[in-house]
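Visitor: Both chains are given apart, each in its own frame, so use the hints to dock them into the complex.
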Amino acid sequence: EIQWGEDGRPFHFLFYTGKQSYYSLMHETYEKLLNAQKYQDQLIAQDLPPQKNKRNLAGSRWLTKIELEEMLLEKLTDNDYSRFILLLEKLMTLPCGDMEEKYVQKFSKEVPVQLQKVVIEPLKYDERGVAFSTAEGGRKTARATAVVYDNGTGKITVNGIDILHYFPVLQDREQLLFPFQFLDRVGKHDMVCTVSGGGRSAQAGAIRLASAKALRSFVTEKEVEFMRQAGLLTPDPRVKERKKPGQEGARRKFTWKKR
Amino acid sequence: DDKLLTEPLSHPDFFNVKELFSLKDLFDARVHLGHKKGCRHRFMEPYIFGCRLDQDIIDLDQTMQHLQLALNFTAHVAYRKGIILFISRKRQFCHLIETMARECGEYAHTRYWQGGLLTNAHIQFGSGVRLPDLIVFLSSLNNVFESHVAIRDAAKMNIPTVGVVDTNCNPCLITYPIPGNDDSPSAMELYCKLFRMTIIRAKDKRRQSEVFDELR
Numbered sequence: 022e023i024q025w026g027e028d029g030r031p032f033h034f035l036f037y038t039g040k041q042s043y044y045s046l047m048h049e050t051y052e053k054l055l056n057a058q059k060y061q062d063q064l065i066a067q068d069l070p071p072q073k074n075k076r077n078l079a080g081s082r083w084l085t086k087i088e089l090e091e092m093l094l095e096k097l098t099d100n101d102y103s104r105f106i107l108l109l110e111k112l113m114t115l116p117c118g119d120m121e122e123k124y125v126q127k128f129s130k131e132v133p134v135q136l137q138k139v140v141i142e143p144l145k146y147d148e149r150g151v152a153f154s155t156a157e158g159g160r161k162t163a164r165a166t167a168v169v170y171d172n173g174t175g176k177i178t179v180n181g182i183d184i185l186h187y188f189p190v191l192q193d194r195e196q197l198l199f200p201f202q203f204l205d206r207v208g209k210h211d212m213v214c215t216v217s218g219g220g221r222s223a224q225a226g227a228i229r230l231a232s233a234k235a236l237r238s239f240v241t242e243k244e245v246e247f248m249r250q251a252g253l254l255t256p257d258p259r260v261k262e263r264k265k266p267g268q269e270g271a272r273r274k275f276t277w278k279k280r
Numbered sequence: 003d004d005k006l007l008t009e010p011l012s013h014p015d016f017f018n019v020k021e022l023f024s025l026k027d028l029f030d031a032r033v034h035l036g037h038k039k040g041c042r043h044r045f046m047e048p049y050i051f052g053c054r055l056d057q058d059i060i061d062l063d064q065t066m067q068h069l070q071l072a073l074n075f076t077a078h079v080a081y082r083k084g085i086i087l088f089i090s091r092k093r094q095f096c097h098l099i100e101t102m103a104r105e106c107g108e109y110a111h112t113r114y115w116q117g118g119l120l121t122n123a124h125i126q127f128g129s130g131v132r133l134p135d136l137i138v139f140l141s142s143l144n145n146v147f148e149s150h151v152a153i154r155d156a157a158k159m160n161i162p163t164v165g166v167v168d169t170n171c172n173p174c175l176i177t178y179p180i181p182g183n184d185d186s187p188s189a190m191e192l193y194c195k196l197f198r199m200t201i202i203r204a205k206d207k208r209r210q211s212e213v214f215d216e217l218r
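If you're matching them up, the sequences are chains A and B in order.
If you count the first sequence from 1, you need to add 21 to reach the numbering used here.
If you count the second sequence from 1, you need to add 2 to reach the numbering used here.
The hints are simulated quantities; they were obtained by calculation from the structure and are not laboratory data.
Pairs of lysine-lysine, DSBU-like flavour, derived with a Cα cap of 30 Å:
1. A/265 / A/161
2. A/111 / A/96
3. B/158 / A/40
4. B/207 / B/195
5. A/209 / A/243
6. A/59 / B/92
7. B/92 / B/39
8. A/86 / A/123
9. B/205 / A/40
10. A/264 / A/161
11. B/5 / B/20
12. A/111 / B/92
13. B/83 / A/40
14. A/96 / B/92
15. B/83 / B/195
16. B/92 / B/195
17. A/53 / B/195
18. A/176 / A/243
19. A/145 / A/176
20. A/111 / A/123
21. B/195 / B/20
22. B/92 / A/86
23. A/96 / B/158
24. A/59 / B/195
25. B/205 / B/92
26. B/207 / B/20
27. A/40 / B/92
28. A/161 / A/176
29. B/92 / A/53
30. A/96 / A/40
31. B/26 / B/207
32. A/86 / A/130
33. B/195 / A/40
34. A/278 / A/265
So here's chain B without its partners, still in its complex pose (with noise of 0.2 Å):
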């Protein structure tokens, strides 16, 4: 059983998550469009690659490396039974967000978030709940562009976050950030599809292990 879980960790990509994309897939999606200059956040400027015409373009190169550690640690939360919540406040991408957890077999909230969710759970409830153990921010903003509660909250009660953060977003609690776009449809099927896959691959490759251990 122990070796079951420690044995991931001694590999730094177990899952091969980075086999599931390539630069290309990123800029056919155009997850390097970023906002305009005048919406630029201030601690986005280490990720951004230029700015073409008023536009940032983000920089696509260490959007790569973010997302596969993002990915390789989503992955291994799954693998260990975590409990993943997807947060998105885009109207257009609700449906898609809340169908992409329904498959995985994790959860979503696409909808206004209620002040003591994560911070005021043990009432809001009852007592023996269990928090999310993963938060995915496809969208870190909220609908008045400021920076979603979840994001304060999850540090608040030891949560770590994966979140997109667009030129507009503020990267600093979270953990794990991965400069994107966050607004264009084809970015946001390319993350659904993309943490899809890895959840799935972490959860099969559980079941197999444990498969494995029983026949011996």
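Isolated chain A, as found in the complex (with noise of 0.2 Å):
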């Protein structure tokens, strides 16, 4: 595309620097910048307040240097890009007129939140009017779903056999009743749980969690929030490590022989 005339002079008067588009930008921004700073010393000069600015912080985020790219037809430089940005965070730290503020809002595009919180399921009943909530848990390979009814006994049956038949060893029946003597509830709550995968510990860890999970509905926010601190709520994310080639395992290398 042609930028200049018959005459031969060039249409923009930046032409000679190479990156018209771009350093236009720059002067305008900076432009903005001091009438800004021109109109904050009007403000201090009438001895009125520093005017604070209401922009949503966590909402928006500056264009990035794909999308300036486009908007400016040029190739531009990872520091030319950072130059950019830091001049507009300059001119957001100054009292603005609405003028300014349309300007700037050009540069900037609207991050949707992500509001990811965890909505705590509210108590179910059954036929006999007795309260209970469901939910799954998992670890390893390991998944379980677990049912809490209230006004209970303390009995746990797991795949329909009772905990002592199902786990003998005493390491796994104590991970199924931690939540309980976590919360002070002993023997206040009966639980219905199926387990599937996963070796021994792997499925005392899922009922674990799953019964965690479920007790969040009987439980006030305060009590749910110690029991995340004690890392009830969370799920453990280590799994198996694989197999490397060139070794005997996930991290055991074959025997070294010096000769």
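Guide: The following block contains the structure:
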């Protein structure tokens, strides 16, 4: 595209810089900055209180370098881009009028605020009028679903089998009882769970997570926060690490021989 | 048409640039203040009036003569519809110079100078580019206190240069040097005002002469 007229004179006054649109943008932004500074000086001269800008800091982001390149139809370097963003940030700190606000909004985009607040489900009531809640949990390859009933005696059934028979080891039974012990509700709830996959310890961990999640509906928000800080509500992300070629296991190397 | 172009050349001061400034104006704008004695460039010694408390003072009589020649030359270039490019690498005055160039209808370059802008213009811009006919340096040093590359490039491409040279600058390759201060805001505003007025005056005169020609 030709950027000069018939007599040879270029159209844009910054043509000889090479990056005319980028530098004209910097020129305009700097002009807005100077106007804002003059405005601030006027306010100070009139002894008015300094205005504080109400801009939602969380909901907006600046244009990326690629988007700016598309806007200007010119290539930019990283240095140029960062300088422009710094200028905009500096402009933001000063009290501006409406014109400058509209100008700055051209270069900012809204970010949808991702509110992923965990919703605590309300209690459900079965035919006998007893409150219960259901939840799921997992650990390694084991997946469990737990149904916690109110007004109980502390009986826990896993896959139709009592826990004493299903988990002969004391450690697994302790894991199951941990959420109830933490909330001081050891003998007050009944639990019926189903679990599949994984090994002995993984199934115990899965049922523990499921029961803790189920108990959230019975308990105040403060206690939910305590449970979360105790680590009862966080699924354990550890899984079996893959074996790599050239090694005997995931980490163990073959025996090193000097000769 | 020929008469339009040759008539201004017969007068020594066709555009009457002498009335735009006086010695008092230069003094009030602090144009005579130079840098310290240690920063002095060897080739600037003829232009320096003296040294007071280690600070160099530029001879304003010589500045007046050089300024008159330089403004006369820019006026002639603007009268013949030449392209004028203002260059300065001083960050404080970048905005001022760009606004001044925009108001005159001429061009400015107050940013980082890419290597082949003048010497490699056909590849950087396109094949039919017209290079500037005059380059005006409002500060002939770059940010590292060395001579601006454009001075050398303009000399290579046979483009005449006008430049404000301070006591630490090299006035060698500049065709119309103007010894004067390039650091004070008042001095820079004065230069901008003078250049703007000369260019606008020259362009108006050109338009008037063309109108007179058409009427005849």
